[in-house]
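Each protein sequence line maps, in turn, to chains A and B.
Each residue of the first sequence is one higher than the one before, counting from 594 in our numbering.
Each residue of the second sequence is one higher than the one before, counting from 244 in our numbering.
Please note that a few of the clues may not be correct.
Said to hold, decoys possible - Partial list, derived from the structure: chain A residues whose beta carbon lies under 8 Å from chain B: (1) Leu731; (2) Leu765; (3) Phe814; (4) Leu815.
Claimed, not checked - If you only want the chain A side, here are some residues facing chain B, beta carbon under 8 Å, derived: (5) Phe719; (6) Ala771; (7) Leu773; (8) Val852.
Claimed, not checked - Derived Cβ-Cβ restraints for the label pairs, each shown as a range: (9) Val376(B) with Ser796(A): 13 to 23 Å; (10) Ser777(A) with Val260(B): 30 to 40 Å; (11) Ser777(A) with Ala256(B): 36 to 46 Å.
Hints in this document: simulated from the structure, not taken from any laboratory.
Predicted, not measured: the structure shown is a model, and the values here were computed from it.
All C-beta atoms, glycine included, are put in the ideal place defined by N, C-alpha and C.
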Amino acid sequence: MAGTRRSLRQTIDRLPSPQVFWAGFAIMAAVVALVLVGLVWMPYKPTAMSADRLQGISAAHWLGTDKMGRDILSRVMYGSRVTLMVALGTMAIGAGTGVLVGAVTGFYGGLLDEVVMRVMDGLFAFPNVLLALVFVSLFGSSTMHVMWALGIAFIPSFTRVVRSEYVRIKHLDYVKNARLQGASDARVIFVHMLPNVRGVLLSNVMIGFNNAVLAEAGLSFLGIGSQPPYASLGQMISEAQEIFFRVPTAVLGPGIVIVAMVLGFSLMGEGIRPATQSLD
Amino acid sequence: MRYVLKKTVTTLATLLVVSVVLFASFQLISGDPATRMLGTGATPERLEALRAQLGLNDPLPVQYVRWLVSYLHGDPGISYVYKQPVSTLLASKIPVTLALALLSFALMCAIGLPVGLYTAKHAGSALDHAVLVLNQVIMAIPPFFSGILISWVFGMMLRLFSPGGYVPYTRSVAGFLGYLVYPAIAIALPRAAQLSKLLRGSILEEAGKDYTRTAYSRGNDTNGVLYGHILKNALLPTLTFLGMSLANMLAGSLVVERVFNIPGISNTLLASIGNRDYPVVLATVMWIAVFVIVSNLVVDILYRALDPRVDVE
Numbered sequence: 594m595a596g597t598r599r600s601l602r603q604t605i606d607r608l609p610s611p612q613v614f615w616a617g618f619a620i621m622a623a624v625v626a627l628v629l630v631g632l633v634w635m636p637y638k639p640t641a642m643s644a645d646r647l648q649g650i651s652a653a654h655w656l657g658t659d660k661m662g663r664d665i666l667s668r669v670m671y672g673s674r675v676t677l678m679v680a681l682g683t684m685a686i687g688a689g690t691g692v693l694v695g696a697v698t699g700f701y702g703g704l705l706d707e708v709v710m711r712v713m714d715g716l717f718a719f720p721n722v723l724l725a726l727v728f729v730s731l732f733g734s735s736t737m738h739v740m741w742a743l744g745i746a747f748i749p750s751f752t753r754v755v756r757s758e759y760v761r762i763k764h765l766d767y768v769k770n771a772r773l774q775g776a777s778d779a780r781v782i783f784v785h786m787l788p789n790v791r792g793v794l795l796s797n798v799m800i801g802f803n804n805a806v807l808a809e810a811g812l813s814f815l816g817i818g819s820q821p822p823y824a825s826l827g828q829m830i831s832e833a834q835e836i837f838f839r840v841p842t843a844v845l846g847p848g849i850v851i852v853a854m855v856l857g858f859s860l861m862g863e864g865i866r867p868a869t870q871s872l873d
Numbered sequence: 244m245r246y247v248l249k250k251t252v253t254t255l256a257t258l259l260v261v262s263v264v265l266f267a268s269f270q271l272i273s274g275d276p277a278t279r280m281l282g283t284g285a286t287p288e289r290l291e292a293l294r295a296q297l298g299l300n301d302p303l304p305v306q307y308v309r310w311l312v313s314y315l316h317g318d319p320g321i322s323y324v325y326k327q328p329v330s331t332l333l334a335s336k337i338p339v340t341l342a343l344a345l346l347s348f349a350l351m352c353a354i355g356l357p358v359g360l361y362t363a364k365h366a367g368s369a370l371d372h373a374v375l376v377l378n379q380v381i382m383a384i385p386p387f388f389s390g391i392l393i394s395w396v397f398g399m400m401l402r403l404f405s406p407g408g409y410v411p412y413t414r415s416v417a418g419f420l421g422y423l424v425y426p427a428i429a430i431a432l433p434r435a436a437q438l439s440k441l442l443r444g445s446i447l448e449e450a451g452k453d454y455t456r457t458a459y460s461r462g463n464d465t466n467g468v469l470y471g472h473i474l475k476n477a478l479l480p481t482l483t484f485l486g487m488s489l490a491n492m493l494a495g496s497l498v499v500e501r502v503f504n505i506p507g508i509s510n511t512l513l514a515s516i517g518n519r520d521y522p523v524v525l526a527t528v529m530w531i532a533v534f535v536i537v538s539n540l541v542v543d544i545l546y547r548a549l550d551p552r553v554d555v556e
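Only chain A is shown next, with the shape it has when bound in the complex (with noise of 0.2 Å):
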């Protein structure tokens, strides 16, 4: 066990920035230790309304409370929990698929191969907020739904890398030795080649999580998504835009917490990748 974890972090420390990928880490964590601990312990539940309105910060309510006298960290731990599930569930389901799809049509190619991509390209032409404004409002507005609406939005992107990896890597020995084998063709696509696309993969998560926290604030701000009296980060700063000048922590909690999630895991993803040299 202490050997597997000191050659993780023997693997971070020869990243081309490691303390890029620290930084990240730290703010990344800091977040989802807000989530977690808001699994267990709240201030306060984060629907329950107080004559306490409009409070500002105090040790009582140390983010102070919104108009309804709700407790502003409560509803940022709540809000963080779905913003966070939902860009998780975003990226199970849109890499999910777009891997499943993008290594089927990858290998096979053909008919099916030029059917699929066109309707991807079709599909990856749109804003993902837009395709989730038709799932919306064809299926209605729920966190399940705007789940769901995303993680489609995310399959193209998924499917053409993973399919490009595919094409690149099917003509290689390691494959036509497995198939000489006899591996069946699932254990070919899965099993031999599947680890091999895990870096191009690795990274299309990293912006694709990004990708999905934004979307999510952004249709949550639109009251799209998780519906009053329950918080989500987006809806949470559009009710409180108007008093703003009075609580400022009732914008600024949640905004922030949106901004760490996404740097916080930018700076991981850019940790990751290669430097760049310079122009002279």
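Use these hints to put chain B onto chain A, whose structure you have.
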């Protein structure tokens, strides 16, 4: 020229497919429009009369063609809720959203391109490092959050504009643009950060190639190599990004219009989604699709002009 023609045909085909898919999904979901318009208390005779009047008894393909033809003539149907032609509802709003999206796009280029060029030219300098860090932070700020901060700093503290005091373009074009600049900054900033980072990266990548060394060896200075040789190649990935940005700016406008109380399509679209007013949603989404797909066509053609190799594939 053949390329332009080929691309235009595929674009039209894509648009047709998108319109069929959208029309079909909204038809399947929307139930009976006559009941929606007259309410459940209407007599069967009146419902039947309205159905006949709207042509709802015809087969779906016939309805689709009729919708498409009238859409192309600028008449995408009648709102269930407002009982007005959708075109009347949207006519005054689309220009506002379009202006905001285009202004954001212009600002994005005006900020992102020079910063990208400068940081690439001075890669490794202190300022370059500062911009790299700043870019990373800016990319993480959603426009609706920065929009609120911008209206606080520029509106309330510096009093450069009055938040919520939108000026219609019919009254004063200068006042209209002066108000839209602030939301446009909010939309443009994260994309400008991405753009400058992308441009810096692709310039530095081109800088490592053989032709750059050749250009230097022929006696060019850094500026000569950069503007005469590298830039044209480095702009190619940027161009794809710019094409995708237009669609992104439009989506950004939908969100930021709310922050700044701008009467664009955002409120109408969201209210229609809430009211299940499908003709309005369908028309708006279709309009956005046309905008996005046509701007992709323009990018493809520009790309081909800059890089003739794409023809060979």
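Outcome of the hint check:
1. Leu731: holds (5 Å)
2. Leu765: violated (22 Å)
3. Phe814: Holds, because the Cβ-Cβ distance from Phe814(A) to chain B comes to roughly 5 Å (cut-off 8 Å).
4. Leu815: Since chain B brings a Cβ to about 6 Å from Leu815(A), closer than 8 Å, the hint holds.
5. Phe719: At 7 Å from the nearest chain B Cβ, Phe719(A) passes the 8 Å test, so the hint holds.
6. Ala771: violated (30 Å)
7. Leu773: With Cβ-Cβ at 32 Å, over 8 Å, it is violated.
8. Val852: Since the shortest Cβ distance to chain B is 5 Å, the answer is holds.
9. Val376(B) with Ser796(A): 13 to 23 Å: Hint holds: Cβ distance 20 Å, inside 13 to 23 Å.
10. Ser777(A) with Val260(B): 30 to 40 Å: holds (35 Å)
11. Ser777(A) with Ala256(B): 36 to 46 Å: holds (37 Å)
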